[in-house]
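Q: Build the complex: two chains, separate frames, hints provided.
Single-letter residue listing:
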Amino acid sequence: MSLLTSTRGRRGLPAAAAAAAAGPPRRRWRRYPAWKFYAFVSPWVIGCTLLTAVPIVYALGLSFTDYDGMSSNWSWVGFANYTAAFHDDTMWSSLLQTGLYALLVVPLSLAGGLGLAVLLNQRLRAVGVLRTIFYLPSIVPVVATALMFKLIFDRDTGLVNGVLGWFGIPATAWLNDPTSFLVLVLLALWGMGGGMVIFLAGLQGIPAELMESASVDGAGALRRFWHITLPMLSPMIFFQLVLTLITTLQALSQPLLLAPSSNGGAGGGVTDATHVQQGDYLYMVNVYAQFFNYQKYGYGAALLWILFVVILAITVLVLRSGSFWVYYEVDQDGGEE
Amino acid sequence: MSKNISRRGFLGTSAVIGAGVVGAGTLTACGGSGSGSSSHPTLHVMYDSLDSELGSSIKEFEAKNDCTVVISKFDQLKLNSSIVAGNPPDLVRCVGASEIPNLIARGLAENLDPYFAKSTVFKASDFDPVVDIYRYDGKQQGKGSLYGFPSDYGQDAMLWYNKELFDKAKISYLSETEPTDYDELLDLGKRLTVRKNGKVQVYGLDPVWNFVNQAHLMQMIEQQGGALWNDDFTKADFTTPEARRALQWYVDWGKARVGTGPLDPVTDWQGPIYDAGRIAIISYGYWFGAEIAGADAGANAAKLAANSGFVPAPQMGKTRVDACMTGTGAWIPKKAANKELAFKFLEFWRGGAPAAKHFKAGGGLPALKHFRSDLPQSTAAEKDHYKVQMDNTKHLTILRFSPYASYSAVESAITTNVESVIKGKSSLDSAIRTLQSAMTDIVTQGRKQVG
Chain A
3 MSLLTSTRGR
13 RGLPAAAAAA
23 AAGPPRRRWR
33 RYPAWKFYAF
43 VSPWVIGCTL
53 LTAVPIVYAL
63 GLSFTDYDGM
73 SSNWSWVGFA
83 NYTAAFHDDT
93 MWSSLLQTGL
103 YALLVVPLSL
113 AGGLGLAVLL
123 NQRLRAVGVL
133 RTIFYLPSIV
143 PVVATALMFK
153 LIFDRDTGLV
163 NGVLGWFGIP
173 ATAWLNDPTS
183 FLVLVLLALW
193 GMGGGMVIFL
203 AGLQGIPAEL
213 MESASVDGAG
223 ALRRFWHITL
233 PMLSPMIFFQ
243 LVLTLITTLQ
253 ALSQPLLLAP
263 SSNGGAGGGV
273 TDATHVQQGD
283 YLYMVNVYAQ
293 FFNYQKYGYG
303 AALLWILFVV
313 ILAITVLVLR
323 SGSFWVYYEV
333 DQDGGEE
Chain B
2 MSKNISRRGF
12 LGTSAVIGAG
22 VVGAGTLTAC
32 GGSGSGSSSH
42 PTLHVMYDSL
52 DSELGSSIKE
62 FEAKNDCTVV
72 ISKFDQLKLN
82 SSIVAGNPPD
92 LVRCVGASEI
102 PNLIARGLAE
112 NLDPYFAKST
122 VFKASDFDPV
132 VDIYRYDGKQ
142 QGKGSLYGFP
152 SDYGQDAMLW
162 YNKELFDKAK
172 ISYLSETEPT
182 DYDELLDLGK
192 RLTVRKNGKV
202 QVYGLDPVWN
212 FVNQAHLMQM
222 IEQQGGALWN
232 DDFTKADFTT
242 PEARRALQWY
252 VDWGKARVGT
262 GPLDPVTDWQ
272 GPIYDAGRIA
282 IISYGYWFGA
292 EIAGADAGAN
302 AAKLAANSGF
312 VPAPQMGKTR
322 VDACMTGTGA
332 WIPKKAANKE
342 LAFKFLEFWR
352 GGAPAAKHFK
362 AGGGLPALKH
372 FRSDLPQSTA
382 AEKDHYKVQM
392 DNTKHLTILR
402 FSPYASYSAV
412 ESAITTNVES
422 VIKGKSSLDS
432 AIRTLQSAMT
442 DIVTQGRKQV
452 G
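From first to last, the protein sequence lines are chains A and B.
Okay, so the first sequence: first residue is 3 according to my numbering, each after it adds one.
Okay, so the second sequence: first residue is 2 according to my numbering, each after it adds one.
So that you can see chain B by itself, here it is in the shape it has in the complex (with noise of 0.2 Å):
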């Protein structure tokens, strides 16, 4: 039974196992769907927070529907690994107005025309116009066949304002009914800035710039009457007159240093900052009214409530455009393997008492018209935002990405560019020359893609 062990003995065995085990894992990888048994199947959802939002009422899903259901947090490098293998998510995160287009071109994702034809919960003449985000004909955004449902969405560029910081600068407040203009916002974030022995005690103005820049971009742009992306969403043209007056605002915000901008970074997101009475104007959608009467605006929260103005974004030109940047939502990838479960989960969660409950608290505007009226209304402060919000949704316009380019590229080719800039390491010029170099090889690479 003895047998000596050879060099050669050992490292040809050694790579058999190793082999061997290679072997069995990616046909595991290639064959296992991990979903559960086809009785009680196990629902993958990959999707920030929707554990702690959703609660107990999980519990009444998987009851009703016999399965498992699995939260995680939206991970896109998990996410490609699953994709590749086959074996995504039953229901993804995503921030729709931007990523959808993208995702649909590529054929990852699934057409939800059937189910919502089939659905009861989600009826087509509820639907508010910005579902039409999750809409693709093969060629843009906004028509043709429905490929996920949003949360829940605002215009993102509208602003919140603190009254009381106004009154101590002796400013008068913003319009409620008309919009901004550009310039004039940006010379009152100088008038409204704070600073004191080097530190900034109040920034003047924040329109949160790393934040869906390209949509800020595009609706800067459109509201001049001109377009970023051409017709058949192939190229970004950022020489444009009105692309660089955009950016040019921008650069002039940022050399300004009267927000949250590159040359004065923060520790923390926006949010807090306002709610300490930091911020006098922050450019967010409705959803960031809950944020300032939440938890974490602590015992002022009430207060500074009541004294936090809601107001239309702000123009750069005569064209009115107030858009909804993110609507960030739900999708179905094609190979997703328990695609009805998913659609009924996107049902109870955008559609049931989840839906009802979240739109109370006033986590942003409901996709499904009939949810309007559980926006909080009880307050005056509630009461004004609510009315200045419903006033403004006529306004709301649905911007068009392009297909090929990926937002995460866009957004770090645009943010590194116009930040170096800023930083006065290059001039204007030269940083669009090279963001416009960067687009087309973003383009190219997504033209690839999508095959």
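Chain A extracted, bound-state conformation (with noise of 0.2 Å):
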């Protein structure tokens, strides 16, 4: 059973179970009082309500007002802000920005995590290690990653120039416009060693004898790849680019961490939204800088919003997509196929 049928609710689950569900374990259930049962459930009820319910009606209030963060002297603007913010060139361009680094960011990062698990899937000495190896980056906090990025990308005393020179190319300014945005691109894809482990625990769930029988049958290895690992890595794809597609959108940290330093010793050291390079200036850069450069929460609320809205479309067009290419050993009535 896959990752993503496992979590289908009563109608995906196999027939047995289902049968079970409606019969005997009913009654099983009556002998427990129903106030045990909110007590076990009223944790997540309570954490969902305060730290996801009442944030996002709040920040949907929020983006019907004026309000600076921290004025008492705000008022209603009605949709002042969605209507301003279809004619701001910056939303525009900062959510086109978003849409390419997604474009490049979420097929490179499945493409390469399903190459390092189908590579490291072979019978190969230390193959452990090289697991390790692979895996450490995801792990490692993003925030010293993207300073390590600094440290290596910088023009003057980076290591990557510092390589090049010795090939006589002359140095980069790679965190400037536009290299800065290949950076961007490079930091989102170490981390695809996570994607990696994902992807190897579903190699090693597709069973022995339908390689061994394609093979038998005259497949080659693509063939195999390609009309059986595919197929059977699919629900795996399609978890995998629901996830990357969301995080890729709302990606704020990296291009923050990736801009030139502010005053660090006179100025605070604060992350300003106004030194990330133009290639870098994602959608959520902009509302950062909405928010915390120019105090305007209300607009920096409707801009969320609207980033809501894009990517839940997205995600139901998405998951509307996986029934023409998502492969089920159990089909969605709950029988086997």
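Source of the hints: derived by calculation from the structure; they are not laboratory data.
Yeah, the Cβ is synthetic: ideal placement off N, Cα and C, and Gly gets one too.
Computed beta-carbon distance windows for the label pairs: (1) Ala357/B - Thr249/A: 47 to 55 Å; (2) Gly226/B - Trp168/A: 49 to 57 Å; (3) Pro180/A - Gly145/B: 48 to 56 Å; (4) Val311/A - Ser438/B: 22 to 30 Å; (5) Asp184/B - Thr85/A: 40 to 48 Å; (6) Trp168/A - Asp184/B: 35 to 43 Å; (7) Ala170/B - Thr174/A: 24 to 32 Å; (8) Pro115/B - Trp78/A: 36 to 44 Å; (9) Val122/B - Val144/A: 44 to 52 Å; (10) Thr54/A - Lys336/B: 23 to 31 Å; (11) Ser173/B - Pro180/A: 37 to 45 Å.
A: Next comes the structure, spelled out in structure tokens:
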């Protein structure tokens, strides 16, 4: 059973489990008082209410105001923030830049993670060590990774220009436009080891007899990969696609951390969205700037809601597309295929 | 006792639990000051690095005042939230010169006149004129009641320079008494810059772009006899010839690529780069001397300090203006729970032993004149820097910032628009138009906030 089918709810449960859920277990549950159930689910209900529902509703309300985050002099402005957003060139340019970023990062990280998983699914000497090495970058905090990238790609003292210099190649200002976007994409791909682990688990779940019978039937490695591995991994690919897409569209810390330093000694080292290069000026950077540079909390909240709708629409499209290319060993009606 | 769990019942009960928790949280936020008991209060101080600066002396203050001091890093978001919740810290950091008018005009800062009147530590006769940046009379900065106090200060556009790099470039040293002309300075920056294989080995001139840009522009405009803001601070005019010339200078500097500007960003702030002998001229106040002589500069610190010259701020016109652009210090929020105690802490921190220690290390100029004698003068270089600074304080100017414009918003608008010209993405005329429009928006928003 795949990861996705296991979380499908009643319609997606295997027939036996669905039948069990409809019969005797209901009577067994009746032996417990209702308060026990509520006591057990209350941490999640309280957490979800306080940390998700309340902020979402609060942000929605905020988006209809001109609140600045501190002043008591604020007023309702209706849809003015949304109207302003649709006429804001920076909003559109940052949204387009985010789209381009997602278009590059999502397929590259999926393909890279899958490629690494396939390579490390071979019977190699010290394969465990290799898997660990490729997985490690994904657990290094993004702050550390971004600062390391800044040092590596620094024009005057960085490793990359140092190595290029040995071959007589002049130094490049990697952290400036237009190459800063390339560094940002590389930074995102640095953590593809996390996806690799999930794909690796999927690869190891593919029944060996399928591969063997395909080999016996004369299928080559490529054909086996295309007709067996990929379909069998498609629920994982789907899962990774949705998650990577959402996190990529919400990227904020990476471009902020790659930006030139504020005057740390004198200015307090405040992370400032103003310093982010134009190529790295993603949607969330603009939102951050509206909140913390311009104190336009209402406008920033409206931008967040617009992004929420965009992500929701893209996610729904991707979920719908799943029925065309995601293969489940267990069909949606609960029976095995 | 047994009862079925229906979907409707579950949702209903969950909603009640959730609403109860939210309600309880809200009530706590409204009512709880979180400031300890009245007999042993907890003083909340929001000020970067204060804990490391004060060290064990905090314990002495706590023992003497029977309180607990909690110091946290300055965080604008936390500050905003706590002010909205009616539970702000008791003492808060701010970049005095440019931030305090806006805080006062919004009614957020406590008038400290009654506290200063009672103080035995702070005496008006001992105040350096820079204290005036924390004054506001309801219309303009520099006059009226006191709403805060500077930690220390400097004339922030003064110049530090590396004499060794000047010697290598065969350039004579800068005058310690007469200010250098901005255009001459840029020319020197070009001559001092050393490039190799696409890398910059030495930045000739770093006016520290992105650090209080508004203040630098105001100073450059006032040196030409102009003003950025109108009399009632409701309009900033970047279209005047004086403002245009100041902006053009920054564009020329950025395009010349002689400092750590938008085309040549660096991974760290400029201090360590100067310490590494890679910046020939840098614009910072007196406090930067402590950075040069400090631990960060490593083994070469003494040599670098001896080789560093310190001179007045450059001039763009005939009127001598050499302002304190920051005067970072502390203010007490109107709704703070422990205002008396916060003022006592201010007295202890900036009027007591910690202040003497701070100024002995050269960490900026004191706002209380009697501490001036504590400033470092043990080496020839320190004596020289001290003399230049004392001579230059005669030209100290108080810039007047608009109470309607938030510091960060103005900085962002200036940075974004000027950088687009430096990067060749727009013309100066176009940038000035956009900047002017952004400033109008900022002031409109600010006037609404002030109410």
